[in-house]
Structure formats: C-alpha cells, structure tokens
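Enquirer: Chains as they are written, first to last, in this note's numbering: chain A, 1 to 541; chain B, 1001 to 1541.
Errors might be hidden in some of the hints.
Claimed, not checked - Listed next, the stretches of chain B that the computed footprint assigns to chain A, with coverage defined by at least 3 CB atoms under 8 angstroms from CB atoms of chain A: (1) 1034-1041; (2) 1060-1068; (3) 1216-1227; (4) 1265-1272; (5) 1281-1287.
Worth flagging that the hints you see were computed from the coordinates, not collected in a lab. Keep in mind the model is a prediction, meaning the values are calculated, not measured. C-beta: ideal position from N, C-alpha, C; glycine also.
2 protein chains.
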Amino acid sequence: MAVGLSYAVSKLQMLSTSDHASVVSMNLFVALLCACIVVGHLLEENRWVNESITALVIGVCTGVVILLVSGGKSSHLLVFSEDLFFIYMLPPIIFNAGFQVKKKQFFVNFITIVMFGAIGTLVSCSIIALGVTQFFKKMDIGSLDIGDYLAIGAIFAATDSVCTLQVLNQDETPLLYSLVFGEGVVNDATSVVLFNAIQSFDLTNIDPRIALHFIGNFLYLFVASTLLGVITGLLSAYIIKKLYFGRHSTDREVALMMLMAYLSYMLAELFYLSGILTVFFCGIVMSHYTWHNVTESSRVTTKHAFATLSFVAEIFIFLYVGMDALDIEKWRFVSDSPGTSVAVSSILLALIMVARAAFVFPLSFLSNLAKKNSHEKISIRQQVIIWWAGLMRGAVSIALAYNQFTRSGHTQLRANAIMITSTITVVLFSTVVFGLLTKPLIRFLIPNPKHTTSMTLSDPSTPKSATMPLLGSAQDSETDLVGHDIPRPGSIRALLATPTHTVHRYWRKFDDAFMRPVFGGRGFVPFVPGSPTERGEPQWQ
Amino acid sequence: MAVGLSYAVSKLQMLSTSDHASVVSMNLFVALLCACIVVGHLLEENRWVNESITALVIGVCTGVVILLVSGGKSSHLLVFSEDLFFIYMLPPIIFNAGFQVKKKQFFVNFITIVMFGAIGTLVSCSIIALGVTQFFKKMDIGSLDIGDYLAIGAIFAATDSVCTLQVLNQDETPLLYSLVFGEGVVNDATSVVLFNAIQSFDLTNIDPRIALHFIGNFLYLFVASTLLGVITGLLSAYIIKKLYFGRHSTDREVALMMLMAYLSYMLAELFYLSGILTVFFCGIVMSHYTWHNVTESSRVTTKHAFATLSFVAEIFIFLYVGMDALDIEKWRFVSDSPGTSVAVSSILLALIMVARAAFVFPLSFLSNLAKKNSHEKISIRQQVIIWWAGLMRGAVSIALAYNQFTRSGHTQLRANAIMITSTITVVLFSTVVFGLLTKPLIRFLIPNPKHTTSMTLSDPSTPKSATMPLLGSAQDSETDLVGHDIPRPGSIRALLATPTHTVHRYWRKFDDAFMRPVFGGRGFVPFVPGSPTERGEPQWQ
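Pulled out of the complex, with its shape left as it was, chain A reads as follows (with noise of 0.2 angstroms):
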C-alpha cells in the first residue's frame, strides 16, 4: 500500500515550504471547527448568541493572533476562493434546507414568498444603489461609476438566508421561518439576472424593451431552475425504487442520493441556471419521493449526515469570513481616513434597513389583502420579525464585493478599498449586532410562538429534529410517519376553511393516480379520499 505518503513527505521536503504551510492551515482550519462546536454547545443555553456568531467571533479572535503572530503580515488561513463557497460549501446548506422543509408551510405561502423574493429584491437593490448615488458622491471616496453603484445595490440586496436559517426556528415560528428562507431563495434567482443586467445591459438608455426581457429571462430561470431540481429529485427516486437498492446496500442508496443532489447543482451551473433553486427544489422532491424508498438506516443517515454536512458548512463559513476579516492589506488605505469607512459602513446599513422595510410592509399589506381569514394574515409584530431577519448580509455579499471591487486592479483604488472594508464592516455588524438582538427580539414580540403563528395547522405530534432518538420530524414527518389516519379535528376545521384546501385535493389525486405508482413514496394514504386524512403535504396555491 501507500509508499504515498512517502510522496507527500519527500515533496514537503524537495520542493517547498509552502506545502507544509498549507498542512498547517488545514490542521488549525479542522481544530477551529471542533472549537466552534464544543463552544457552541456550551452556549447553546444562551439566549442572546447562536452558532454563527460564535463562529465569526472565533475567527476574528484567531485573526488578531495570527495577525500578531506574522507580526502584521497576515491575519488568514486559506485565500478566499468563490469557487469553495459556491461550489462546495452552499450546496449542502440548501439542499439541507429543502430536504428539511416543512413542504406544506412551503407550499401555502408560495405567492407571498414569489413576491418577496423577486419583487423584493428589485426594490431594495433599487433603493440601495439611488440611497449610494446621492450620498457617496458628496463624499471624499474616489472615483465609482453608475455600474458600481447598480452592483452595491445587488451586493447588499443579498440576505444572508445562511444566518437567517439559525436565527429562525422553523417548529416555533414555521410561517416566519418558512416566509424568510423562501424568500433568500428565490433571492438569488432574481440575483443572477440582476447581476447580469447591471454588467452586460446599456445602462445609460433603459427602455421597455429591456424591462420586458429581463422579466422574460427572470421567469425562464425561475421555471427552468425548478424543473431541473424536480427532475433530478424524481430520477434519483425512480433510479432506487426500480434497482432496489435496499435489497442489498445501505450505502449505495445513500452514495447516490448524496451524488444526484450534487449533480443537480452542478447541472444548473452548467446550464447557466440558478443552482440554489435547483437544488433546493430537488432537495423538496427527494424527501417526499426518495426518502422513502429506501431502507430504515438509509433515512436516519441521510436525515442526519445531509443535516451534519450543512451544519459544517455553516460554521466553515462563519468562521471563515470571521478571519478573512482582518486582512491587513484591505484595511491600509482606509487607516488613514477612519472617519470615511465608518461614514460609508454607517450609510449602507441604514439603507439596507430602509431598503427592507420599503417592501417588507407593502408587499405584506397586499398579501393581506388577498387573505380572507384573520389568522392568516401577516400581523404586523410578524412583519417587523420579516423585516429584522432579513438584514443580516453575509458570505454571499463578501464574495460579490470580492467579484465586482477586485477585478480592476486590485484594492490598490481607495474607492475599491473602501468598498471591500465597508463590505466586511456591514456582515460583521449586522451578523452580530442583529444577530445577538434576533432571538430577545422573536421573544419580545412573540412571547409563545406556537399559539400565535398558527397560520396553519401546527401540528402538536411533530417533534423537534434534534431532539428526537431516531427518524424525528424535520423530515415531514407530520404526514409520512406518524398517524396519517388519526382524524384530528383541530387539523381538519383549519384545512375545510382554507380556499387551498381544493388545490390540496387535485394534487393528492395526481400524486396518488400517476407520480406514487412511478416514484415511489409514503407522502399519502388513500384511505378515503377527500376524507379528513388528508394533511399536510405540499399545497400547491
């Protein structure tokens, strides 16, 4: 076997001592992530921090050593890559987050998320790129063009659906939860044309005609994204209910769910298609086909091994920008105007709060307004909740700043450097700051959750993921698992008073007359159709 290592050693030794160097990153890197966890279970009692602020603090404190250390050289491990952020570390975050979804509270809410996610958007890069016009050019920052200011408002239109994700419960505020994540997905769609009209479009004459296509090229996305990710989902599905894998091997079932997942990313970034939505769709499909297809220890590991890899990710990104953070090199050419970076930090942020509320409260007001029921409608404590969970910028915003401030000539420009601090100024306080007053907040205005977001059915038998010995909730588990055929009459009164009930019904039938036979899965029982069984699982509004 391996005289490989012996590879390893005699390149360490002949050829540079950069190897090593990388060697030790790694071990520092890995030891950091064990830190982060331990620290972050210790802290799990606090009410104030959770796991991304401790990575971030974690990271800024190695920072000041090695920066201490190099004496003033360095403050980072690894250079920081877009392609490990986009390629590795995003994917199993958000295919986590959509095998884990609650699918109905998805489903419902779907125009309201749509809404938020696209419209949103556009109002607040809008309002963010004007709000950068009018103040920065009064200020002594350098030399920025109006595709400069285009992208600033598309870099901080960016939610951190990352952050957003820990500082949101999804079992004790489901509607929240489901309302801000959906919205960060369907985000980055909107995102990509947006980028892409900023940098390719003629931006000193706008007309029609380019409204009209960059609608058409939104809803294009948008659909094709969606059907590659379902596609992808019922192939990995049909692929293990014909073979039956179970019949023979755990980890086959799990080796191919884990790689058609990935696939189904990398498939849209090579279609030039929006990969988050991708694979977060396909990751709804997997765990309402897929999931039950296999045998019993291939859904408790892929349950919590796609829950672990997500987790990792997470504190691998936090901890990350936490150190990246103190990059001497950025921070020269603002030493000697502090009051300008701070100034510029301060702007921005006020202006990512304004440019939030702007359609935060008026798209909520429509919603409403389409909503009959007094219970489902948005209270405005909810919305103030929406507004706040959606301020935290995060990795996403560093790289795109790294994208559009780096390319021409490094950080050497002072309006480039400023930019890149101001950029790392605003993630680090709105992670922290915002992120440390989230949870009193949520309390404050939701004092018992349960009661008061019961827009739909909160269905008492759904435990939390955690908590529970094996195959817990988190995994729809309302509907698939446990008593699908228990009547319960709190359930069935919300679901006969709600207009989506009818829609309910026509995609339970679908399902059980043509997707079930071909895919597999447990989502329904047909016992009596149209009977008051019928619960929980994707409402197509």
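Given chain A's structure and the hints, the job is docking chain B onto it.
Expert: Okay, now just chain B, sitting in the frame of chain A:
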C-alpha cells in the same frame, strides 16, 4: 441571499471558458460516479466482477469517448492531482477500514501483520529493484540511474489495499482480510522510510549505520503514528462523553467525529508521520470508545456515512485511474516501440509476482512455527490467497511513478515515458485480470470460507453489515451490541485454547479499571471477571 451565483455566471462569461469546462468535467464525473454505483449494483451477483473493475472499465470507456470527441487531444477530465488523492480520497477509506475492522482478528494477528508489512515490503522492494537492474540494463530503454531502480522497487512494492478491501470479504474470510489489509496499512510506514532513504541517503556506499538509522526511523514512525491516532481517538471520546452532546444534537456529534478523524490524519501529515497508520488507529479507538458515547441515531449515521464516503472515494479513484490511463501525451513516446513497452510491463508483472511469493511463503512458514495449534496456522491454500490478493497495484503506484518520473522534464525523456506507461499498464492489468480471478480463486481454494478460516471464533451472530437494516455488525457488534453475557461453548473453548487469553484478560482489566470510566464505551460488561463472557475484544498479543 445569493446574488452569489451571479458571480459564478458573470465570471464564466467574462473571464474564461476554462471555468465552464471544469463545470462540464465535474458534471460528467459525478454522473459517471452515479453510473458506476448503478452498474456495480446490477453486476453484484456476478461472480467475476467487483465494483473496482466496473469503475475502471467505465473510466477507460469514457476515456476512449473523450479521446474520440476531442479528436485525440485529451482523454481525462481532471488533471491528476496527488493532493486530491492523498488529502481527500485516501483518509476516509482508511479511517472507515479502521472503524469497521474486526478488532479481535486484527490484534490476534498483530505480529504476523507487522512482519508481512515491514519485512515483506523490504524484501519485495529489494527483489524488484534487483530484477529491473538486471533486465532493464540489457534493454533499449534510456538512462535510469540506481536511484530510479530503487524507486521502481518502492513503487511496485506498494500493494493496493483499496482493491483488497473490495476483493476480500471481512465476514467470509476474516483471517485473510485482516492479514492482507493489515499488511497494507503497515506497508505505508515502511514505504515512507524507504522512499526517503532512497532519495536522501548516499546510495553508493551502504554501511550498517545507515541500516540502523533506517530501523530506528521505522520504529519511531510506527509508534508515533499509532500513538497519535490513539490519542486523537481518545480525545474525541472524552470530549463527547464529558459534554454529553447527545442531549442536544446528533449533528454535532457526527460532525465532531468526522472532523476529529480528519484532524488525526492532518496532524500526522503535519509531523511528517504516516497519516494512514494514524487514521487507521483513530478509527479503531473511535469505534471502541467514542461510538458508544453518542446517541442511537448518531451511531447509525456515522456507521453508514463513513462507509458511504469510503465507498464513493474508492469508486472515484478507480474511475479516475481508468480515465487517466489513456492520456495521449504519455503514450506518444511509446507508440514507436510497442514491443519494448510490453516487455517492460511483463517483466514488472513477473517481478511483482516473484517478489511477493519470496516473502509471503517464508514469512507464513515462520509465523506457523510460532503457533502451536494446527487450526491457528496459515494453510498453504490461505498462503496462496494472501500472495494473490496482494498482487494488485493501484492509484498509489501511479502517484509515486508520477512523482519519480515527471520531476525532471515531464514525460519528454524516453525512459520516463516508458516507466509511466508501464506503471499504468501494470495497474490496469493487475487490477482487472488479477482482480477478476480473485473471487473464483478464493471459491476454488476455500469452497466454504466460514469453516476453513475459523482460526479465531467466527461469530454466527455477526450479520453482514450491508444487509442489516439498523445497527448491524461491522461495528464490532459481536461484543458491543448483542449478547455479551450469553456464554457460547464454541467461543469459550477457542479462547481458552489460545495463549493470547492471558494478554486479553489483562487488557480487559486495564480497560475496565482505567479506560472505560474516563472514555466511555460499552465494550465489556464485567459480570464475572475472568468468566467465559469475555469475548471478542482487542487482544494485544
């Protein structure tokens, strides 16, 4: 959220087409991995083929297709990267092997395994190096110096334990599996020293001091690597036991186990030790202590997630080697003299077979001399299988050959080109032809493996890992999970007959008194000390 992908998309459109080419490659690669899993499943009943061969053949076929499509320019999708192999693919495979290995089997045969791994590799390397020196000097190959000949010895002394894992079955032939696989792990430590010695020592005058230095170096490497693995494993057990992660989150436990396992490998790299030995022993310790401190669902998840990662990594390697084999550049220099290439490959294959025979049979004879009971001895049929199962060469040989023969002027030199292509030929031939013949050979020599290999207690309560729905064996379950308090007459007799019994008892007492209170684990239940209930745990011989 992710204006993210916009970055990727804009980058794709602006900067280069090479980025999109890499997306295409990744898509194809992931799709091929899926295809390998499906085809491997369909062919599982086949008595000749195994998963490695399937992946290798699919890889070669894909290579042919790419070669035709690209008009003879290129046949591989990714550039062969030793880092990818040694840093990402190998650790999960070896860790999983340690995690799932039957500990009793391994430790009962510890001395034999070390003999095979250390002395065997030295003998093998010497014979191959001597052989090629004699043969190649007479042939028209080009300039190779004594360093090259010795390196060839080291390259082809490296057995491919990944392939061994696929060909031999731990449950059917536990003794053979532990011997051949254990040999492979020890082989690594020997090889690190060997390769370093070849590259750093003055090869013109070999005196006893160098030999002594060599032996000391080997002992240090072996002991230090093992200790590092054990310490990391114990640390993970201690952390999880003290913090009792199960109270809150399965995901945290699984993440911590994965990260600590990987950390042990990277730490070994950091200290220039043998990462393979370290991660192997880390796996053993984790399965003995850590695994029993976590929740039920964590156990199922880790067991299958590690196995799945290992499974995917194995397929990846073989798929890759198959694809890389057809790289046109390497074959250009050889195409004008195909006879020489065939001759070189044949000589190498013959030398590999002779060199392995030269240590397997004498060392087995020595090992048998030390054993008193006839059923403990390695029969001549088993010796033939040990000899045969170690003949396969794999990705490790290829990585080493690249390191040795592409350093000075790529494959432009005739001798280097011939050595690279010959290595590929040997790897393909040995994996496919020898691999195809292994299953039938074992069936022919040992018609009913369960009974003929019963050197140690073959526990009938141990099911195959893959077919168990939940918490199957592979996880050393003979002691930990099922009936450790049920006396089994056959087992008792076998145990009492062995001289390792005493060592076993002392280890058990030590484990009960000092280790388990600190690190957890449920390996032993001390009902009656020294009673027949002590079964199936590590016996330090």
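Enquirer: Count residues of the stretch 1281-1287 of chain B with a Cβ under 8 angstroms from any Cβ of chain A, then say if the count reaches three.
Expert: violated (count 0)
Enquirer: Checking C-beta pairs, does the stretch 1034-1041 of chain B have three or more residues closer than 8 angstroms to chain A?
Expert: holds (count 5)
Enquirer: With a C-beta cutoff of 8 angstroms, work out whether three or more residues of the stretch 1060-1068 of chain B approach chain A closely enough for the coverage to hold.
Expert: That given contact is violated, which follows from only 0 residues of the stretch 1060-1068 of chain B lying within Cβ reach (below 8 angstroms) of chain A.
Enquirer: Confirm or reject the coverage of the stretch 1216-1227 of chain B by chain A under the rule of 3 or more residues with a beta carbon closer than 8 angstroms to the chain's beta carbons.
Expert: violated (count 0)
Enquirer: Is the coverage entry for the stretch 1265-1272 of chain B by chain A consistent with the three-residue Cβ rule at 8 angstroms?
Expert: holds (count 5)
When held up to the earlier numbered hints, the structure conflicts with 2, 3 and 5 and fits the remainder.
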